[in-house]
Amino acid sequence: MADVLVVAEAAEGKLKKTTHSAVTFAKAAAAALGGSYSILVIGDALGGAVAEAAALGAAKVIVAEDASLKDYVAERYAPTVAAVGKGFAVVVGTASAFGKDLLPRVAAKLGAGYAGDISELLIGGGKLQYKRPMYAGNAYGIASIPTAVQVVSVRQSAFAPSEPGDATAATEKVAIVAPSAGAARIEFVSFNQVKSERPELTEARVVVAGGRALKESFGKLLDPLADLLGAAVGASRAACDAGYCGSELQVGQTGKVVAPSLYIAIGISGAIQHLAGMKSSKVIVAINKDADAPIFQVADYGLVADLFQVVPDLVTQIRAAKA
Amino acid sequence: MKILVPLKRVADPDNANKVKIPASGEKIDTTGLEPKPNPFDEYALEAALRLTENGQTPKVRAGEVIVVTFGPKECDTTLRAALATGADRAIRVDTTDDKLDGDLVARALKAIVDREKPDVVVMGKQAVDGDSNQVAQLLAEYLDWPQATFAATVHEEDGALLVGREVDGGVITLRVKLPAVVSVDLRIVAPTSVYSTKTARTFKYNDGVRFAALPAIMAAKKKPLVELKLADLTADVAPKIVYNAFQAPPARKAGIKVKDVADLVLHLKDEAKVL
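If you read the protein sequences in the order shown, they are chains A and B. Read in order, the letters of the first sequence correspond to residues 1 to 323 in my numbering. Read in order, the letters of the second sequence correspond to residues 1 to 275 in my numbering.
Hints are not guaranteed to be accurate.
[Unchecked claim] Here are the computed lysine-lysine pairs in the DSS-like style, where the Cα-Cα straight-line distance is at most 30 Å: (1) B:K177 x B:K198; (2) B:K253 x A:K289; (3) B:K18 x A:K289; (4) B:K269 x A:K282; (5) B:K259 x A:K322; (6) A:K127 x B:K20; (7) A:K282 x B:K257; (8) A:K86 x A:K127; (9) B:K99 x A:K127; (10) A:K322 x B:K273; (11) B:K253 x A:K282; (12) A:K131 x A:K17; (13) B:K273 x A:K17; (14) A:K322 x B:K253; (15) A:K289 x B:K273; (16) A:K86 x A:K27; (17) A:K14 x A:K60; (18) B:K257 x A:K220; (19) B:K269 x A:K220; (20) B:K259 x A:K215; (21) B:K257 x A:K322; (22) B:K273 x A:K282; (23) B:K27 x A:K127; (24) A:K27 x A:K282; (25) B:K253 x A:K131; (26) A:K282 x B:K27; (27) B:K257 x A:K215; (28) B:K204 x A:K215; (29) A:K70 x B:K177; (30) A:K86 x B:K99; (31) B:K99 x A:K131.
[Said to hold, decoys possible] Counterexamples of contact, computed for chain A against chain B with all Cβ distances above 10 Å: (32) A32; (33) L33; (34) G35; (35) G47; (36) A54; (37) A67; (38) G87; (39) P161; (40) P164.
Bear in mind the hints are in silico, worked out from the structure with no lab data behind them. We treat Cβ as the ideally placed atom computed from N, Cα and C, and that holds for glycine.
Build out the structure end to end from the sequences listed, making use of the hints.
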């Protein structure tokens, strides 16, 4: 076995961008093993997702489409993913909420070891090793998995997305595998989706993030800056907990991990858990009135000032500079 | 309701930036960092306590919470602390961290579940030392139980739990019939996140986890704590993930303080070239 299987994430008939990072990993891993990579697209009403996957350079696109897979739950997806994955050396997905929920369950079905949220693939003598963050990114472990099949999830911000090419992979439909008895006890009730016109946090080139210091002015202060920069909006845990913004905006060890070209932290003190989610950003700007805030230790440019005064001014001056 | 809550002792997460990696890369050195309960596990315990009481009369237990940890004798402190905040009894599986991986813990937990037959396993979504985020999912599969991971809300219904999961683009709500595995996220300890069927839905908890009062700390010394051997729970102790080396994260180069907004914009434009 030298082949790699990518578990794609599809929603609303489209491939989610998360998939492209797992494909980047798969390309490198398959090359190292002397094999190829395939992409499993699983769900219901997959629509254009299959064609999108077929353009990502895979040897084959495997399609598992069934009405019972309409709403994602791990209990109904894992049996089919494991059955398809059995013939592969490595099964990989991206460490999104979907991948983190599903892939360990798949690993358990396969008797496989699982390495989550890996940030780098290391190759030596045709063997794969996985570098992954621990202790909120304050240490990295370099791990290998001794089981016949290896299951991993990759950190989206650490693997550049694969671009579609001209070639079209062959597609193969597979029957789904019926879930085990326990799956009868789970019922999908609803998905309360937060729609946003802004770029996805994990994909944005610029992230403007706010902390608790913004209080009720969170949106009023950050939105104009984010609009101007085409940025995603992020937040500290404290801002989310206080209800100043939605919890889906949280950046950190246990929220979203981002690595944009520019990260502007506004009124964020920089708890260890927050830094874990953003310190791989290329350029970090911190604006905080507390000169001793830990965020300044990772910031390339720090401005000690009252954010309520300087943020509107920053919008004005950036607009002028871009003109 | 009977709930099993696995707990892990970790090096002080608020000082995780003080861990050291020796030049040999052979380990992560946490010397000098105070051992603390994994925060997500503390949240799991709080959620389990809320599910086994009426919030208005928390001194009257309405169910059982069993805490379990894997570690040496020193970990009894973590268990006693959990007993003091309200857990009913404790199990320590005698072993050391270097002999464990997530899969082995999940298989040993399965053996404990088979013995104790809880209605729910409530656990933290990840331990903040290894950040592995897998034991709940593995355990659910080994038990063939439904899983509700990254729970931000858990409301008990008759024989089921209505669970709100924080996912990338919003909140997924699942209904899981018991028995089931639930892994909890940060906001599970908000005032209205968890309700048992006994607690009025108008009741608001204090934000965060509860603290033990002195009499409870004394009383906890008399609560049952049993020790098990790992070998009694699982014969197969082969790891499924092996750490070959450790590295420190790359250091960021020291930044500068800019004097005002104009100075900042100038640097972003001409030096960093990100505008």
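Structure-based check of each hint:
{"no.": "1", "hint": "B:K177 x B:K198", "verdict": "18 Å, holds"}
{"no.": "2", "hint": "B:K253 x A:K289", "verdict": "22 Å, holds"}
{"no.": "3", "hint": "B:K18 x A:K289", "verdict": "25 Å, holds"}
{"no.": "4", "hint": "B:K269 x A:K282", "verdict": "14 Å, holds"}
{"no.": "5", "hint": "B:K259 x A:K322", "verdict": "21 Å, holds"}
{"no.": "6", "hint": "A:K127 x B:K20", "verdict": "28 Å, holds"}
{"no.": "7", "hint": "A:K282 x B:K257", "verdict": "17 Å, holds"}
{"no.": "8", "hint": "A:K86 x A:K127", "verdict": "19 Å, holds"}
{"no.": "9", "hint": "B:K99 x A:K127", "verdict": "24 Å, holds"}
{"no.": "10", "hint": "A:K322 x B:K273", "verdict": "11 Å, holds"}
{"no.": "11", "hint": "B:K253 x A:K282", "verdict": "11 Å, holds"}
{"no.": "12", "hint": "A:K131 x A:K17", "verdict": "22 Å, holds"}
{"no.": "13", "hint": "B:K273 x A:K17", "verdict": "26 Å, holds"}
{"no.": "14", "hint": "A:K322 x B:K253", "verdict": "27 Å, holds"}
{"no.": "15", "hint": "A:K289 x B:K273", "verdict": "25 Å, holds"}
{"no.": "16", "hint": "A:K86 x A:K27", "verdict": "19 Å, holds"}
{"no.": "17", "hint": "A:K14 x A:K60", "verdict": "18 Å, holds"}
{"no.": "18", "hint": "B:K257 x A:K220", "verdict": "26 Å, holds"}
{"no.": "19", "hint": "B:K269 x A:K220", "verdict": "25 Å, holds"}
{"no.": "20", "hint": "B:K259 x A:K215", "verdict": "25 Å, holds"}
{"no.": "21", "hint": "B:K257 x A:K322", "verdict": "22 Å, holds"}
{"no.": "22", "hint": "B:K273 x A:K282", "verdict": "11 Å, holds"}
{"no.": "23", "hint": "B:K27 x A:K127", "verdict": "22 Å, holds"}
{"no.": "24", "hint": "A:K27 x A:K282", "verdict": "25 Å, holds"}
{"no.": "25", "hint": "B:K253 x A:K131", "verdict": "22 Å, holds"}
{"no.": "26", "hint": "A:K282 x B:K27", "verdict": "28 Å, holds"}
{"no.": "27", "hint": "B:K257 x A:K215", "verdict": "25 Å, holds"}
{"no.": "28", "hint": "B:K204 x A:K215", "verdict": "22 Å, holds"}
{"no.": "29", "hint": "A:K70 x B:K177", "verdict": "20 Å, holds"}
{"no.": "30", "hint": "A:K86 x B:K99", "verdict": "27 Å, holds"}
{"no.": "31", "hint": "B:K99 x A:K131", "verdict": "20 Å, holds"}
{"no.": "32", "hint": "A32", "verdict": "16 Å, holds"}
{"no.": "33", "hint": "L33", "verdict": "18 Å, holds"}
{"no.": "34", "hint": "G35", "verdict": "22 Å, holds"}
{"no.": "35", "hint": "G47", "verdict": "18 Å, holds"}
{"no.": "36", "hint": "A54", "verdict": "24 Å, holds"}
{"no.": "37", "hint": "A67", "verdict": "19 Å, holds"}
{"no.": "38", "hint": "G87", "verdict": "19 Å, holds"}
{"no.": "39", "hint": "P161", "verdict": "16 Å, holds"}
{"no.": "40", "hint": "P164", "verdict": "22 Å, holds"}
In this structure, every one of the numbered hints holds.
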